[in-house]
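Chemist: Next come the chains, spelled out residue by residue.
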Amino acid sequence: MGHTIAEKILARAAGRDSVRAGESLPVRPDYMIAYDFPGYTDVMFRQMHDDFGIRELDEPGRYVVFIDHMLTKGNDKEQQVHQVTRDWCEFYGIELHEARGIGHQVMAELGYALPGNFLIHFDGHISGAGAFGALGWGVRRDLLEAWVSGQIFLDVPATTRFELTGEFAPGVDSRDLVHQIIADHGADGCAHQVMEYAGPGARAMSIDRRQGLCGMAMFTGAVSAVFEPDEAALAYARRVARTGFTPQQPDADADYVAVHSYDLSQVRPRVVLPGSARAANTRDAAELAGTPVTKAFIGSCASGRIEDIRAAALVLDGRQVAPGVELNVVPTSEAVHRQAEEEGLFDVLRAAGAKIARSSCDFCFGYQKPLQDGENCISTGVLNISGRMGSTQANIYLGSAFTVAASAVAGAISSAEEVSRS
Amino acid sequence: MSAARDYPPPPDVIRGRVAWVFGDDFDIDLVIGVENIKSYDADFLRSKVMRAYDPGFADRVQPGDVIVGGRNFGYGHPHYPPMVALRDLGIAAVIAESFSPGFWRGETYNGVPLITVPGIATAVTTGDAIALDWRAATVDLGDGRVLHGTPPSARVVRVIEAGGSLKLLLAEHART
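If you're matching them up, the sequences are chains A and B in order. Taken in order, the first sequence gives residues 1 to 422; the numbers are from the working numbering. Taken in order, the second sequence gives residues 423 to 598; the numbers are from the working numbering.
Source of the hints: derived by calculation from the structure; they are not laboratory data. Please note that the accuracy of each hint is not assured.
As the list claims (entries may be wrong) - Think about it this way: if two alpha-carbon atoms lie no more than 27 Å apart in a straight line, the pair counts; the simulated DSS-like pairs of lysine-lysine are:
no.: 1; chain 1: A; residue 1: Lys73; chain 2: A; residue 2: Lys369
no.: 2; chain 1: A; residue 1: Lys355; chain 2: A; residue 2: Lys73
no.: 3; chain 1: B; residue 1: Lys460; chain 2: B; residue 2: Lys470
no.: 4; chain 1: A; residue 1: Lys73; chain 2: B; residue 2: Lys460
no.: 5; chain 1: B; residue 1: Lys589; chain 2: B; residue 2: Lys460
no.: 6; chain 1: B; residue 1: Lys460; chain 2: A; residue 2: Lys369
no.: 7; chain 1: B; residue 1: Lys460; chain 2: A; residue 2: Lys77
no.: 8; chain 1: A; residue 1: Lys77; chain 2: A; residue 2: Lys369
no.: 9; chain 1: A; residue 1: Lys355; chain 2: A; residue 2: Lys369
Construct all of the structure, not just a fragment, from the sequences and the given hints.
Modeler: Dropping the structure here:
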């Protein structure tokens, strides 16, 4: 019996010829990544120094820190958090990337998320690295284990394979697919597993769409997701690589828990009801048509890339955001921001009445412009639990960039199909 | 994350009562209410814990009691304070049909035995006395029935025996 991509990546990282799902063993990540957040990175640095007595890192090049949260208020508190992070990174010789965008995107642009690499973070959305054939695993506080020991004990995950055919219809993208998968298989449909994406539909999908799809893996219960690295992924990797890399492909007789097939041309626009992304909350966008919104948000580590901004521009070209609605568009990185300006996409969005904000995580977790009591927001953010974007008395609906842009125009939940007909 | 209280490792066999049975896909944040998830103040959390489910919960829980969950327990973006609040009342373990990976990893780090035992959610009701052998993942229901679950890995056993991952790591890797 052959091996999955995840088994091959973890075997290489563990220094073993092979590993099998279910084995428990220490694994050495290629990169151990974090963003600065009060109570997490600042505490971990202090623990390393004061409690563990670590004054020097054996391999500082494996540590990566991003400053991508709390960039927008400029108050003393956030300045202090950032300064502590800068000081610790300088002390330990850790590469720090500040205000270049959301780390889960910037790690790809800077050549950390390379095919075959194993990456960990305390945040689970690092799974977006799977777009490039890398395995990204959110290990929560166990990041400290890796930071102090260079390795982390893991249970090798089993894998469910997704065979994709076809291409998305106009107005549909990978956010609709992931919510369809959750609706079909449940919020624990891939629990403790890796989702492996393959097939002609996967190869036809843009890198941006793959990143968004992999970044949402945790909402199926998966620990990660990974695409078979194809020529598109390898071309991206060669362009940004800072080291050599070893792409891994699954064996034809790899052992899968299940194999599911999806024809992308059959995926419909999906909207998730406020509360969580669980199966019972997923609806066809048309079922919720007419639900009024006052805020609309395109951004986050899942959906603020150039393809999402192109989608918004396609919908908003020649149209206006409805009176009483505020549409905020936050490119996932500074590089995406520059590209969107160069392509003239932001001119289209501004003409339609959208507001363009600097790249950061701050809208997605309610730090910038928090929602007020009673507001309805349609969002491409990663999470719609109560209080995520501000008031616990506000409602957050999730949809694709197409659906958010269309809803902003209509002033109510709407799919891009509806807007294009109007 | 540093403000969580220090808890000793559990006994080999945890004897207590089932303090509550939750359903599938339960979001642990709801234990204290989403508006309170940023607090680590034990007294404040005690005043909020389980109020939406059972106002008498905090007064009747005794050390060694456990909570029981359905499938995918800890679903969502689980924060740490709800389990701080529950442990502060004496909750010694969580037994569930299955756990959400993020919750499982985060609370295992904190030294909580999170034991997967298929059938548990329908086999017990609030108030039942049970005995959990957390290493073996067996639950003795006291009426002749014993449920068998998935034993934790050798590494996880060491984490729980140490009273949490931080303590184990300090024993293994501190250079001072």
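Chemist: Are the hints correct? Go through all of them and say.
Modeler: Status of each hint after checking the structure:
no. : hint                : verdict
1   : A:Lys73 - A:Lys369  : holds, 10 Å
2   : A:Lys355 - A:Lys73  : holds, 17 Å
3   : B:Lys460 - B:Lys470 : holds, 13 Å
4   : A:Lys73 - B:Lys460  : holds, 20 Å
5   : B:Lys589 - B:Lys460 : holds, 24 Å
6   : B:Lys460 - A:Lys369 : holds, 19 Å
7   : B:Lys460 - A:Lys77  : holds, 16 Å
8   : A:Lys77 - A:Lys369  : holds, 17 Å
9   : A:Lys355 - A:Lys369 : holds, 12 Å
Checked against the numbered hints given earlier, the structure satisfies every one of them.
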